[in-house]
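Listed in order, the protein sequences are those of chains A and B. For any residue, its number in my numbering is found by taking its place in the first sequence, counting from 1, and adding 70. For any residue, its number in my numbering is found by taking its place in the second sequence, counting from 1, and adding 1367.
Think of the hints as simulated: they come from the structure by calculation, not from any bench. Bear in mind the structure is a predicted one, so any value in this text is a computation, not a measurement. Don't take every hint at face value.
Simulated restraints, written as ranges between beta carbons of each label pair [as the list claims (entries may be wrong)]:
{"#": "1", "chain 1": "A", "residue 1": "384", "chain 2": "B", "residue 2": "1545", "range": "27 to 33 Å"}
{"#": "2", "chain 1": "A", "residue 1": "466", "chain 2": "B", "residue 2": "1903", "range": "25 to 31 Å"}
{"#": "3", "chain 1": "B", "residue 1": "1751", "chain 2": "A", "residue 2": "284", "range": "25 to 31 Å"}
{"#": "4", "chain 1": "B", "residue 1": "1523", "chain 2": "A", "residue 2": "384", "range": "28 to 34 Å"}
{"#": "5", "chain 1": "B", "residue 1": "1721", "chain 2": "A", "residue 2": "188", "range": "47 to 53 Å"}
{"#": "6", "chain 1": "B", "residue 1": "1532", "chain 2": "A", "residue 2": "384", "range": "15 to 21 Å"}
{"#": "7", "chain 1": "A", "residue 1": "401", "chain 2": "B", "residue 2": "1535", "range": "32 to 38 Å"}
{"#": "8", "chain 1": "A", "residue 1": "383", "chain 2": "B", "residue 2": "1535", "range": "16 to 22 Å"}
{"#": "9", "chain 1": "B", "residue 1": "1584", "chain 2": "A", "residue 2": "401", "range": "48 to 54 Å"}
{"#": "10", "chain 1": "A", "residue 1": "240", "chain 2": "B", "residue 2": "1816", "range": "47 to 53 Å"}
{"#": "11", "chain 1": "B", "residue 1": "1724", "chain 2": "A", "residue 2": "439", "range": "53 to 59 Å"}
{"#": "12", "chain 1": "A", "residue 1": "466", "chain 2": "B", "residue 2": "1495", "range": "35 to 41 Å"}
{"#": "13", "chain 1": "A", "residue 1": "384", "chain 2": "B", "residue 2": "1541", "range": "22 to 28 Å"}
Among chain A residues calculated to face chain B with C-beta under 7 Å, some are [said to hold, decoys possible]:
{"#": "14", "residue": "289"}
{"#": "15", "residue": "290"}
{"#": "16", "residue": "378"}
{"#": "17", "residue": "392"}
{"#": "18", "residue": "395"}
{"#": "19", "residue": "407"}
{"#": "20", "residue": "428"}
Below are the DSS-like pairs computed for lysine-lysine, each with C-alpha atoms no more than 27 Å apart in a straight line [as the list claims (entries may be wrong)]:
{"#": "21", "chain 1": "B", "residue 1": "1777", "chain 2": "A", "residue 2": "287"}
{"#": "22", "chain 1": "A", "residue 1": "429", "chain 2": "B", "residue 2": "1510"}
{"#": "23", "chain 1": "B", "residue 1": "1896", "chain 2": "B", "residue 2": "1398"}
{"#": "24", "chain 1": "A", "residue 1": "457", "chain 2": "B", "residue 2": "1398"}
{"#": "25", "chain 1": "A", "residue 1": "429", "chain 2": "B", "residue 2": "1505"}
{"#": "26", "chain 1": "A", "residue 1": "411", "chain 2": "A", "residue 2": "457"}
{"#": "27", "chain 1": "B", "residue 1": "1546", "chain 2": "B", "residue 2": "1510"}
We treat Cβ as the ideally placed atom computed from N, Cα and C, and that holds for glycine.
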Amino acid sequence: MPETTPFHDCLTPYNETGIWKHWSGYLVAPRYQYSTTAEYYAIRDSVAVLDTSPLFKYRITGADCLRFLETVMVRDITQCAVGAAQYTCWCDPDGFVLQDGVIMRISENEFWMSSAEPSLRYFRATAAELGIQDVEIQDVSREYGILAVQGPHAYSVVSQLTEAVDAMGYFELAETEIAGCPVLISRTGYTGDLGYELWIRAEDAQSVWQRLIDAGKNFNITPIGLEALKMARVEAGLLLLGVDFESARFAWVDAQRESPIELGWRWMLRKPENDPDDPRQFIGRAAIEKQINERSNRWTTVGLSIDWHDYERVYLEAGIMPPKHDLYCESARSVYRRGEKEWDYAGYATSFLFSSILKKPIAIAKLPNDLAKPGTEVDLEISIMHKPVNVLATVQRMPFFNPARKTQQPTSALTSEQPLTGKISS
Amino acid sequence: MNNDTHYDAIVIGGGHNGLVNAAYLAKAGLKTLVLEQRPLVGGAAITEELIPGYKFTTFSYALSLLRPDIVQDLDLVSHGLMVLPMTNVFQPGFDGEYMFLGPDSDVNFHEISRFSAEDAESYRDLSHIINRVCHALKPLVDKIPPNSVSQHPADLAEMADLNQYMDDLPEDVSAMLKKFTQCSAGEILDEYLESDLLKAQIVSSGIIGSRVGPYSKESGLVWLFHKLGEYDGVQGEWGFHKGGNGGFTQVLARAFESMGGTIRTDAGVDCVLYGNDNGKEGSDKKVTGVRLKDSTEISAPIVVSALDPRRTFMQLVNSDDLPADLVQAITDFKFQGTASKVNFALSAIPNFPGLDGRSDIFTGFTNIGPSFDYLEEAFADCLAGRFSRKPFLDCCVQSTVDPDMSPPGKHIMSCFVMYTPYQLADSDWDSERENLGDTVEATLEEFFPGFSQLVEHREVVTPLDIERVVGLSEGNIFAGELFSPQMFLNRPAPGWNQYRTPIDGYYQCGSGTHPGGGVMGGPGKLAAKQILNDHH
Chain A
71 MPETTPFHDC LTPYNETGIW KHWSGYLVAP RYQYSTTAEY YAIRDSVAVL DTSPLFKYRI
131 TGADCLRFLE TVMVRDITQC AVGAAQYTCW CDPDGFVLQD GVIMRISENE FWMSSAEPSL
191 RYFRATAAEL GIQDVEIQDV SREYGILAVQ GPHAYSVVSQ LTEAVDAMGY FELAETEIAG
251 CPVLISRTGY TGDLGYELWI RAEDAQSVWQ RLIDAGKNFN ITPIGLEALK MARVEAGLLL
311 LGVDFESARF AWVDAQRESP IELGWRWMLR KPENDPDDPR QFIGRAAIEK QINERSNRWT
371 TVGLSIDWHD YERVYLEAGI MPPKHDLYCE SARSVYRRGE KEWDYAGYAT SFLFSSILKK
431 PIAIAKLPND LAKPGTEVDL EISIMHKPVN VLATVQRMPF FNPARKTQQP TSALTSEQPL
491 TGKISS
Chain B
1368 MNNDTHYDAI VIGGGHNGLV NAAYLAKAGL KTLVLEQRPL VGGAAITEEL IPGYKFTTFS
1428 YALSLLRPDI VQDLDLVSHG LMVLPMTNVF QPGFDGEYMF LGPDSDVNFH EISRFSAEDA
1488 ESYRDLSHII NRVCHALKPL VDKIPPNSVS QHPADLAEMA DLNQYMDDLP EDVSAMLKKF
1548 TQCSAGEILD EYLESDLLKA QIVSSGIIGS RVGPYSKESG LVWLFHKLGE YDGVQGEWGF
1608 HKGGNGGFTQ VLARAFESMG GTIRTDAGVD CVLYGNDNGK EGSDKKVTGV RLKDSTEISA
1668 PIVVSALDPR RTFMQLVNSD DLPADLVQAI TDFKFQGTAS KVNFALSAIP NFPGLDGRSD
1728 IFTGFTNIGP SFDYLEEAFA DCLAGRFSRK PFLDCCVQST VDPDMSPPGK HIMSCFVMYT
1788 PYQLADSDWD SERENLGDTV EATLEEFFPG FSQLVEHREV VTPLDIERVV GLSEGNIFAG
1848 ELFSPQMFLN RPAPGWNQYR TPIDGYYQCG SGTHPGGGVM GGPGKLAAKQ ILNDHH
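Take the sequences, apply the hints, and build the full model.
In C-alpha cells form, the structure reads like this:
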C-alpha cells in the first residue's frame, strides 16, 4: 500500500479527477482539475499550493556539520548565512553528480535539507569515511510535511499568516508560527516564480492547511499537482532528477553520469578555476576542476526554443493539428546538427513542453560544446504520423521564463492596488 | 509628446487591428504613428477601472481568434501577453436544469448523456468535422484573399488556385463547409443533435453579435467563424487575457512602442488628405497625410484606416472621389448592431441552486439561452424593433480566473446581451439604457436567485454607446456583419478586399476587412503585409 502525506486528507476533496500516482511511495495527485493548464496558470497568475511532502528531509547538526557540508556539497556552504538557503548538488569522487537539493541554514550548526532520493546512509557513511565525528544526520522525512505556495499572490496569502515573510528575500528563511504551530518558511520553490515553502510538523498539517486555504480563498488559491509543477519548472530551467539527469550512484556507464559543468551548474562553483581562496576539498573537486581547465566536458545542458512557424508547418503539411495544449513530455528526442549531412546526430532533448505562457514549444537539451552557444540553430526530431521529422530549434539560455517578482520584494494585493488602466469614464 | 509632422505611415485608430498593423509597419522600419481619438488605445478591447479595484472589460471580453503568428512575430510574450484558459461552459436550463461542459471530453460525454446518449456521441462527430473544416480554412484565414473582380493574369491565377484548393478538399469537409455557408446553425444542429439545451448552448456561437436567430440562414457562417479560433491549438476554445482585453491591447501598445512607434491619444482624425497624381499608373489620387480634428496636419505617404468600412470610405475621404460601385457596396454593407454589454461589480459569486457555492461553474462562459424557442423569441423582439424582454446572455465572471480583476473576495461579471437592435422602433437608447440593465438583472435573478442583492455597480453599454465611444458604426462589434455577401472575397467590397483603396497609399486594416472581427488581429497583420509588399 502506498503511504499518504500529512496533507492527504486535506487534499482529497479537491481531487476532481480521482487520479493519484506514486511519488517516492506516497500518493500524490498528478492534477486535481481536468485542465492541467488551468492549474498551471495558478502558478503564473494567482497562487498555487503543492504538497511536496514525499521529498526526503534531513536535519544535519553538530559542531562539525559545517566542515562536513563544505566537504560534501559542491556549493560553498560557508557562504550560506544563518537564515539563508542554497540550491546545491553533491558529487562522487569522479565529479559526477549524485543528487541536487535545497539546504537551509537554521542556525550556526543546524541545517535542514530536502532531496528527491534517499541520502541518509550516504551522508553518514561519508562523514565516517572523512573522520568527521561531531555531525549528526537525522532523517525527519516522516516528521514533516512540506507545502509549496507559489505564484504572484503567494505573498498576499502567506503574509496574512505570519509577519516572517515581510522582509524575506529570495532564498531566505525564517522560523515562525502559524495557527500556533511552529513552521519553517523559506522563499524557495521549483516553479521559477514568487513563492514560499513551508515545513510543517505532520501533526499540525491540518490546522496550518486550513489557515492557508482560508487566507488564499480570495486569491483563487488552487491546489496543483505534479504535472502543472513540471510545466513551470521547465520554463524556469530547473532540472529534474530521473528526467534531465541520472544519479551517478545508480548509473551503469559514464554516458549516464554528468558533471555539474555538463548540467550547466558551473555557477555553483565559487571562482572555479583553481581558486586558492577556496580551501574546500569537496568531493569531486579535482575532477571538476580538471574538466574546467581542459574544457573536457562532453556536453552542456541548454535550453531549446522551438521555432513556432516550423512546428506548425510540419503538422499542417501532414494534414493534422499541431499538438500544443497540455503537452509535456519526458521522453528523449534526438537533436541534429544542421548542415549538408542529413540526420547528423548531435545530442538529445530530455524535457519537452508546449509553454502556454510563451506560446511556443521549449525543451531542455544536451548538446556538444560547439552547438551550445545561444543563438545556434539545430534540428529537433519529433514524430509525426509515426515518422521522424525535424523542426528548427534555437539554443537559448535558461530560464525561459523569469519574472522579476521571483526575486523582488513583494507587495500584498491587500495593501496596494495597482490599477491596470487609468480611471476613464465612458 | 512627440509632435513630428511627418511620418512614413499613419494608422488611424488605436484598436487592436490598428496597433497590430502599426507594429508590423514599425518592425519593418517605418516611422509609424497611431492616432487614437480617445484618451486610451484599445478601441473595443479595453479594460476600465470604473470603480476602484473593479476592472471592467467594457466591450470585448475574451480571446480566441487572435492569430497565433502575431504573438510570435511581434514578440508579444515579452511585452506581457498572458491568456488564461476559460475551461468551462455553464448552461442553465429551465426548472433548475443545467449542462456543465469542461475540458475533459469523457466527462462531457457523460454530462451530455444525461440528456441524450446519442447526442453525447454525435457531439464528438460534430466537433471533429468542425475541427477539420476549420483546419481546411486556416490557410485562407491567414492569407491576403484573392481579388475576384480583377482580370489581371496574376489575380486570375490566384482565383484559380483558390478554386483548386476548394476542389481538393476532402468530400465530407467540403460538404460541411457548404452547409455552414448555406444553412442556419439551427438546421445543422438539428441534423446532429436532439437535446434542446445542448443545441441552444452551441447555437450561441452562431448568433453572437449578429442580427440572426438560430434558424436564420446566416447563422451557420457566424458559428463557423467563431470556431476558427483556438486556445493553444485546441480549436474553438477561448481564453481570457490577464487584465481583460484592455490588458491585451496594452501589450500591443508596448510592443509597438518598443519598435519605435509613436501613439498619440486624444487625436481624432477629421479627414485623410490626398491629391491628384495623374502620372501614376492605376490611380489618379494619392494620399498625402491626415488632418486632425484640431486642424493639425500630419503628412505621410502611407495612411491606414483601422476604422470600419463606412468611416474608411464615406467619412475620412470624400466618397465622390471613389468609384460608384464601391460606394454602393459600402452603402449596402450591413452593420445593424444588435449586441450590448452589461457589466457588474458583485459583492460575491452568484449562486446556482443545486450547485450552491460552486465558483468553478463561472470560470468560462455562462450562457443564458436555455432553448431554441427562448432564443427565437428573443430574436422576434429584435425584428419588432425592441430589445429582447428575455435576452440571451453570455456571461463571464473573469475574477474567478484572474483575481486581479476585482478586490479580494469581490467579483466582476461581464454580460454580453442580445438582442438589442441599434434602431429601436418606438424609443431611443438614451431612454432605454437603464431599462435594459434592469431586464438583464431580472433575467440573471431568475437563474441565479439573489443575484440583484450582489450588485454593487452596473454599467450598461448599448449599441449606441458602442458607436459613440468606440466609433463602430451602428455599434456592430465586428465592424460589419459576418454574412457571406460581406466576407472573404467581398469584405468590405468585391475587388477591394486586399486592404488597398482607390486612393494610392491609403489602406484599410480594420475588422471590416478580411478575415473579420473578433479580436483576431488578422486584418491588421495582412494589411501590413500588403502595404510592405507595395512599398518595398
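Hint check results:
no. : hint                       : in the structure
1   : A:384 - B:1545: 27 to 33 Å : holds, 30 Å
2   : A:466 - B:1903: 25 to 31 Å : holds, 30 Å
3   : B:1751 - A:284: 25 to 31 Å : violated, 52 Å
4   : B:1523 - A:384: 28 to 34 Å : holds, 32 Å
5   : B:1721 - A:188: 47 to 53 Å : holds, 49 Å
6   : B:1532 - A:384: 15 to 21 Å : holds, 20 Å
7   : A:401 - B:1535: 32 to 38 Å : holds, 36 Å
8   : A:383 - B:1535: 16 to 22 Å : holds, 19 Å
9   : B:1584 - A:401: 48 to 54 Å : holds, 49 Å
10  : A:240 - B:1816: 47 to 53 Å : holds, 48 Å
11  : B:1724 - A:439: 53 to 59 Å : holds, 58 Å
12  : A:466 - B:1495: 35 to 41 Å : holds, 37 Å
13  : A:384 - B:1541: 22 to 28 Å : holds, 25 Å
14  : 289                        : holds, 5 Å
15  : 290                        : holds, 5 Å
16  : 378                        : holds, 5 Å
17  : 392                        : holds, 6 Å
18  : 395                        : holds, 4 Å
19  : 407                        : violated, 25 Å
20  : 428                        : holds, 5 Å
21  : B:1777 - A:287             : holds, 11 Å
22  : A:429 - B:1510             : holds, 21 Å
23  : B:1896 - B:1398            : holds, 16 Å
24  : A:457 - B:1398             : violated, 46 Å
25  : A:429 - B:1505             : holds, 18 Å
26  : A:411 - A:457              : holds, 19 Å
27  : B:1546 - B:1510            : holds, 23 Å
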